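A.B. asks: Given these sequences and hints, build the entire structure.
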Amino acid sequence: MISIDYILLLPFLTPLLAAILCIFFWKKLLAQQLIYLFSGVISLISSCWILLEIADSGMLNLQVGGWKAPFGITLAADMLSALMLTASAILGFLLYFYSLSHSSISKERKLYGFYPALLFMIFGIHGALITGDIFNLYVWFEVMLIASFVLLTLGGEEEQLEGAVKYVTINFIASSLFLTAIGIMYGVAGSTNMADLSVKMHSEGTSAVAQIGLVFFVVSFGIKAALFPLFFWLPASYHTPPIAISAIIAGLLTKVGIYALFRTAIFIFPADNQAVRHLFLGLAGLTMLVGIMGAIAQTDYRKILSYLIISHMGYMVMGIGIGTHLAIAGAVYYILHSILVKANLFFVGGLIGQHQNNYQFSKGGGIYRQLPVLSFCFFVCAMSLAGIPPLTGFWGKYILAQAGLINGNYLIVGVSLATGLLTLFVVNRIWLNIFLQKEPEQQAPRRRISEVKFATIHRGMYLTVGSLAIVILTMSFFPEQVISWSETAADHLLNRELYIEKVLGSRKN
Amino acid sequence: MEIFMAIVTGTLYAGGLYLLMHRSFIKLVMGIILFAHASNFFLFTAGGIVRGMPAFVSDGNPNVGELSDPLPQALILTAIVIGLGIQAFAIVLLKRVHFTAGTSDLDKLKNTDREDND
Numbered sequence: 015m016i017s018i019d020y021i022l023l024l025p026f027l028t029p030l031l032a033a034i035l036c037i038f039f040w041k042k043l044l045a046q047q048l049i050y051l052f053s054g055v056i057s058l059i060s061s062c063w064i065l066l067e068i069a070d071s072g073m074l075n076l077q078v079g080g081w082k083a084p085f086g087i088t089l090a091a092d093m094l095s096a097l098m099l100t101a102s103a104i105l106g107f108l109l110y111f112y113s114l115s116h117s118s119i120s121k122e123r124k125l126y127g128f129y130p131a132l133l134f135m136i137f138g139i140h141g142a143l144i145t146g147d148i149f150n151l152y153v154w155f156e157v158m159l160i161a162s163f164v165l166l167t168l169g170g171e172e173e174q175l176e177g178a179v180k181y182v183t184i185n186f187i188a189s190s191l192f193l194t195a196i197g198i199m200y201g202v203a204g205s206t207n208m209a210d211l212s213v214k215m216h217s218e219g220t221s222a223v224a225q226i227g228l229v230f231f232v233v234s235f236g237i238k239a240a241l242f243p244l245f246f247w248l249p250a251s252y253h254t255p256p257i258a259i260s261a262i263i264a265g266l267l268t269k270v271g272i273y274a275l276f277r278t279a280i281f282i283f284p285a286d287n288q289a290v291r292h293l294f295l296g297l298a299g300l301t302m303l304v305g306i307m308g309a310i311a312q313t314d315y316r317k318i319l320s321y322l323i324i325s326h327m328g329y330m331v332m333g334i335g336i337g338t339h340l341a342i343a344g345a346v347y348y349i350l351h352s353i354l355v356k357a358n359l360f361f362v363g364g365l366i367g368q369h370q371n372n373y374q375f376s377k378g379g380g381i382y383r384q385l386p387v388l389s390f391c392f393f394v395c396a397m398s399l400a401g402i403p404p405l406t407g408f409w410g411k412y413i414l415a416q417a418g419l420i421n422g423n424y425l426i427v428g429v430s431l432a433t434g435l436l437t438l439f440v441v442n443r444i445w446l447n448i449f450l451q452k453e454p455e456q457q458a459p460r461r462r463i464s465e466v467k468f469a470t471i472h473r474g475m476y477l478t479v480g481s482l483a484i485v486i487l488t489m490s491f492f493p494e495q496v497i498s499w500s501e502t503a504a505d506h507l508l509n510r511e512l513y514i515e516k517v518l519g520s521r522k523n
Numbered sequence: 060m061e062i063f064m065a066i067v068t069g070t071l072y073a074g075g076l077y078l079l080m081h082r083s084f085i086k087l088v089m090g091i092i093l094f095a096h097a098s099n100f101f102l103f104t105a106g107g108i109v110r111g112m113p114a115f116v117s118d119g120n121p122n123v124g125e126l127s128d129p130l131p132q133a134l135i136l137t138a139i140v141i142g143l144g145i146q147a148f149a150i151v152l153l154k155r156v157h158f159t160a161g162t163s164d165l166d167k168l169k170n171t172d173r174e175d176n177d
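If you read the protein sequences in the order shown, they are chains D and H.
Numbering of the first sequence is given in the working numbering, commencing with residue 15 and proceeding in unit increments.
Numbering of the second sequence is given in the working numbering, commencing with residue 60 and proceeding in unit increments.
One or more hints might be untrue.
Each computed PhoX-like pair below joins lysine-lysine, with the alpha-carbon atoms no more than 20 Å apart [stated by the list, open to error]:
#1 82/D <-> 169/H
#2 86/H <-> 154/H
#3 180/D <-> 154/H
#4 167/H <-> 180/D
#5 214/D <-> 516/D
#6 167/H <-> 86/H
#7 154/H <-> 167/H
#8 214/D <-> 82/D
#9 169/H <-> 180/D
The set of hints was computed from the structure by calculation and includes no laboratory data.
Small disclaimer: the values here were computed from a predicted structure and weren't measured.
C.D. replies: Pasting the structure below:
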C-alpha cells in the first residue's frame, strides 16, 4: 500500500514530464497545448487533494530515496504550502484557456518554447513550495528564475530585452546572497534541513553569526519579493512581455519570495526578536507607501499594476512584523487574495489592450459602454484590491488591522489603511480614464464591436477572466473556509512541533 | 587556511560588486561571474576546511572527525552548475541587447523606466 505522502510528487513531477514532452513536440502547437492542459488538470487535482488531506490530518512529509531526515531529500507540505500550491495550480490551469487565443501571446512565441518554459517555471514554483530543505529551496528558485528569464525574453523585442537585463542581474545577485545565507546557516548549524535548523535555532539561541544569516535571507528574499528599497527591477521589467506571461509572473513569483521569507523569518528563526519585528514593520510600511506613490504617478495600465504589486507586498510583510497568530493568518489570506486578484487584473488588462490596442490612459476610454461584462470583472478585482467589503481584500486587511490593533502596532495599521484608501484612488483613476471616459475622437475610428462578438473572438481570455472573477467572488462571500485554512497555516508556522515531529520524527521508525 | 580563504572570498565579493556597478556590459558579466565565485567560496569555507583528507570513510579509518565534509562540496558543485547556466544566459542576453539596442552602455537602457513609453 503506497502511503498518501507520495502525492507530494505529483504537483511538480507532472509539469517536469510535461515540459520534457513539450520539447519533443517542438513546434507542434496542438500537442503542446494538450500536454499543458493535461499537466494543469493533474496539478490542480493533486494540489486540491493535498490541501484537503492536510486540512484533514495535519501535514504531509516524504523522504525521497528513503534517506532519513535531516540527511535525505525532504519534501514537506504544511497548510501554507498547500494553499499557495492550490492558488498557483488554479492560475496555471486557467492560463491554458487564456493562452489559447493568439492575441494574449503571439503564435510565434507559442511555437518557439512558450509552453515548455512555462511548465518549467511551474515546476520550479511547485518544488519551492513543497521542499523542506533550504538548499533545495535555492535550487527550485533557480529553476523558476531561469524559466522566467526565458519567458521574459521570449520574442526578443527591444523593450523585453532591456527589462530582462535588469531582471536577470538583480535576481542573480539575490540568488548569490541566498547562497551566502545558506553557507552561514550550514556553518552555524551544520544542516540545511528546515526542521533541523528550526530546532537548532530555537534550542541554542541565535548567535550573532546566525543573525547575519537572517539578514542575508531578508535581503535576498526582499529582492525577490520586491520590498521597499529593493523593488526597482519590478516596474522596469514586468510590463514588457506579452500579457499572458506578465500575468502569471506577476501573480506568482513575488509571492514565492514572500513564502520563503515566511519559512525563514518565522519558522526557522525565533520570532520573538523585537528589533527584527520592527525592521519588518518598517519595511512593510515603506513598501506600501512608496509602492502606492509610484502607482499614482503612472499612466500606463500595466505599470500601475506593477507598482500596486509592490505596494501590496507590504501587507504580507506587515503580518510577519506583527507576528501574532492572527496577523500571520491574515497575511496568508492576503497572499492568496493577492495571487488571484493581481493575476486577474493583468488578464483583464490583456483584453483592454486587445480592444484599444494600447494600455495608455491618454488613448483609452469607452470600455464600460462597450464591454460591460469585462468592466464588471475589472470592478470586482479593483474594489477587492482596495479593500471594499465584502470582497477578498477587505477580509485580509480587516484581519491584519485587527491583529495590529490588538498587538498595539497602531502606526502600521494607520499606514495600511491609508494605503487601502490610496489604492482606491489609483483604481478609480483607471476606472475613470479607461472605462468611463469617452473614447478620444481624434483617433482613427475604432471598429465598433458588440461585447458578444468581442467575447466570441476572445473566448478563451473571457473564460479565464470570468472564472477567476467567480473564484474571487466565492472567496469574498464565503470567506470562512479560506480563513480557517489560513489560521491552520499560521498554526503550522508558529507551533513548529508538528512540522518538526513529522519531518524529524520519521528518523525513529 | 581559513584566514586565507576569508581574504580571497572578501576580495571576490568586493571585486564582483565593483564590476557590477559599472556601465559596460562586459564588466557586468565579469561582475556576475566573480560574485558567483565569491558565494561558492564562501559556502565552501563556511562548511569547514579539512586538508588532505578524503570525503568518504576509507578502510580502517572510521574516525569521522578527521574526514572532510562532503556536503559543502556537493552543494557548491550544484551551485557552480546553476551559476554557469545563468552566466551563459546573461552573456547571450547581453549580446542580443547589444545587437538590438546598438549600445553597450547600461545607462542608455532607460526606456522601460520611462513614464511615457507605450
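A.B. asks: Indicate, hint by hint, whether the structure satisfies it.
C.D. replies: These are the hints, each one checked on the structure:
Straight-line distance between C-alpha atoms of residue 82/D and residue 169/H comes to about 51 Å, which puts the hinted pair past the 20 Å bound. A C-alpha spacing of about 13 Å is found between residue 86/H and residue 154/H, which places the hinted pair at or below 20 Å, so the restraint holds. The straight-line distance between the Cα atoms of residue 180/D and residue 154/H is roughly 14 Å, inside the 20 Å bound, and the hint therefore holds. For the hint linking residue 167/H to residue 180/D, the alpha-carbon distance of about 12 Å falls within 20 Å, and the restraint holds.
Among the hinted pairs, residue 214/D with residue 516/D is consistent with the structure: their alpha-carbon atoms are about 16 Å apart, no more than 20 Å. A threshold of 20 Å between alpha carbons decides the hint, and for residue 167/H with residue 86/H the separation of about 15 Å falls inside it, so the pair holds. This hinted pair checks out: residue 154/H and residue 167/H have alpha carbons roughly 15 Å apart, not beyond 20 Å. Proximity of residue 214/D to residue 82/D is assessed by CA-CA distance (about 18 Å); at most 20 Å being required, the pair is judged to hold.
The straight-line distance between the Cα atoms of residue 169/H and residue 180/D is roughly 10 Å, inside the 20 Å bound, and the hint therefore holds.
Taken one by one, the earlier hints fail for this structure only at number 1.
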